[in-house]
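S.K.: So you can see what is in the structure, the chains are spelled out below.
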Amino acid sequence: MPLIVFKQQLSEDVVLMRLDAPLIASERRPGQFVILQLDDDYGERIPLTIADADPVAGTISILFQTVGGTTHKLAQYSVGDTVQSVLGPLGTPTHIERFGTVVCVGGGIGIAPLHPIVKGLREAGNRLIVILGARSKNLLVFENEMRALADELIVCTDDGSYGRKGLVTVPLKEICGRAPKPEMAFAIGPPVMMRACCEATRPFAVKTMVSLNAIMVDGTGMCGGCRVTVGGQTKFTCVDGPEFDGHLVDFDNLMQRLRAYKPHEEEAHHKCHLEMEAQKLAAQQKAGGL
Amino acid sequence: MSHPTRTQLEQAAQAQLDALKAGQEPLKPRERLALPAQEMPTRDPIARRKSMQEVALGYTEAQVRLEARRCLQCRNAPCVQGCPVRIEIPAFIQAISDGNDAEAIAIIRRASLLPAVCGRVCPQESQCQLPCTVGKSLKDVGKAVMIGRLERYVADLERESGALATPAVKSPTGKRVAVIGSGPAGITVAADVRREGHEVVMFEAFHKPGGVLMYGIPEFRLPKAIVQQEIETLRAMGVRIETNFVVGRTRKLLDLLEKDGFDAAFIGSGAGLPNFMNIPGENLVGVFSANEYLTRANLMRAYDKGRAETPIYPSRRVAVLGGGNVAMDSARMAVRLGAEEVHLIYRRTEAEMPARVEEVGHAKEEGVIFHMLENAKRVVGDEYGRVTGLECLCYELGAPDKSGRPRPVEIAGSEFMREVDTVIVAIGNSSNPLIRQTTAGLETDKRGNIVVDADGQTSIPGVYAGGDIVLGAATVILAMGEGRRAAAAINRRLAGGTL
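Protein chains in written order, with our numbering: chain A, 69 to 358; chain B, 757 to 1255.
This list has only true hints and no planted wrong ones.
Here are the simulated DSS-like pairs of lysine-lysine, each with C-alpha atoms no more than 25 Å apart in a straight line:
id, chain 1, residue 1, chain 2, residue 2
1, A, K303, A, K330
2, B, K1008, B, K1202
3, B, K1133, A, K303
4, A, K330, B, K1061
5, A, K75, A, K141
6, A, K303, B, K1008
7, A, K141, B, K1061
8, B, K964, A, K141
9, A, K354, A, K141
10, B, K1202, B, K1158
11, B, K980, B, K964
12, B, K1008, B, K964
13, A, K241, A, K205
14, B, K980, B, K1120
15, B, K1061, B, K964
16, B, K1202, A, K303
17, B, K980, B, K806
18, B, K895, B, K784
Hints were generated in silico from the structure; no laboratory data involved.
Using the sequences and the accompanying hints, generate a full structural model.
M.R.: Written out as structure tokens, the structure is:
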């Protein structure tokens, strides 16, 4: 059972953790993910991208936002706790080669899975323009790591609290309009952002790879729950992906499928917050009583 | 519909048995043929629509003694020929007839590792019971000696009495074998290879071992406690089980052999890649593979709504596509999860259905509505991409196809709409590509199944394979048979020291 060796709260609802998982750390490649489960009897299995790995130390980094039951519970875990089940690395690794100039767009916690790809592209000798987007400054993650890798870094925030105010698609279009245009683009983030990025690059015919976060159970091709429509064909995100040519992805279908269990998740989220409130209250009472 | 209780069946059997004991034994063949085939006691059909508990309750003692007396003890034993692992069926039935249940299970265990599982899920009517002389004489395979039910009785008795012994393991040989997959094929290989004193490590991608016995076959047909007992036996024998380990990704197969010191490997990873219909609308929300639906319900326990975190789609009207055991399991699971109507759609007729007769019967008793000579053409949804209906098409039977079954032929213009919110596709699996794609030199056929020789060895020396990854989707007993064959070859290879 993987041990948590490091934990950092990056923002109110985003947590970075390093897990002791030597086999995954040595086998994983950029673009791959793990499936994590906190309770083998009743827990759910959730896919999480690998934000970084250290094969020497035998650790992997995961970054997650507390959106459902499992991520809320995991956020309560501390260094020294163990996670019951971690399976991986899963998915087809990113195809990395020396493309030339590559523009990489990361939105929200999508910056985490983008990080190892940017690292790989750097090692392959590409010229890198990185665009990072966040709702506001305090929600921006991995800025320093990305700055160290990028030839050019542009930060956008929705509220203008840092960098340029506005959407990542604005600088993306500007960069695609430069001569010579970039050879390749990667965009990882919420589905709406990825779709917008693909629409931004399409007129310039800049091939744009996206990484999809479909709902999964096993992560090895067995259930087919993660299927997406790509170029009119059905693909399994877990084994055929998670990366696909964004110009061919049916994002409407992806977003509809991501909402399949929405009422359930909202209930779980609500329950988590109620439980946390109850815990806080209990702690306050205890402190007050002393 | 009258539903006989277990007590009623017991009393009827006991009365028959008492009458026999008053007369002369052994019985003459004519007298044996006159004995009634014993009905399996089952849970009440209304009650079980809301229950995950096992449906078939198992024979009572009087029932097994009586059923065993129906066996003619044929010298040519056609039943043995029908059994993929060649259990000495007449011998174990004679032992039951003599009241010697311990001997009966010992005889079965010489050939089969999983009698409690096979007694429940084997398609006996198309294997051992098909050529049974009793069934032939009575011109009804449904009246053959109920071999599987007898097997289940002695296997359950052994387990429940705590008599389940851990098989003896020979002294360590220093050789190591990797078993990939912990389903029926893997369990068999692990046990047979471990017995010879070789170290065995079993790799399972899921968080719990057992493969299809855990994620696929529902609790109401195969209680998970039975599967766990088999796994515990392996552990007691010293087999190490690595869960959350997907060979091909966590570690490559060839690395296990070349870097990690394994002397041989067995691939029993199953046929895990669900087939879809390739019809419009199949990616709408509410369309599931049977694998996904059953895994959520079984392995992830989504039926336990208060406790399980894994959600299951809230369905009111369900269509299940397919006519095999997995289709029956899906339909019956949907009933239990609270669907108001469950429709099973199959493009041939009931006579061609690959599902076991017993499962079809149970599904009908539980209220599953069968639609034969019908197939899905298109799934339709609302503006949120959620399923609202299934366009179906009527079929008729034509000339026999390659499989020997009549070919279903579309009736042009017969389209009509069924109002459903959920569609479960249960039309089989293809082989999972993970190991194939990550293992250079592993030969597969055009369907992606691993090619093996008569010993179960693949194109890579020392690497063996068996079960669904070789056969395509098959049965537990066939997987076990393949596992035994490969294990024997692995043991010969390791004894010879050639690798």
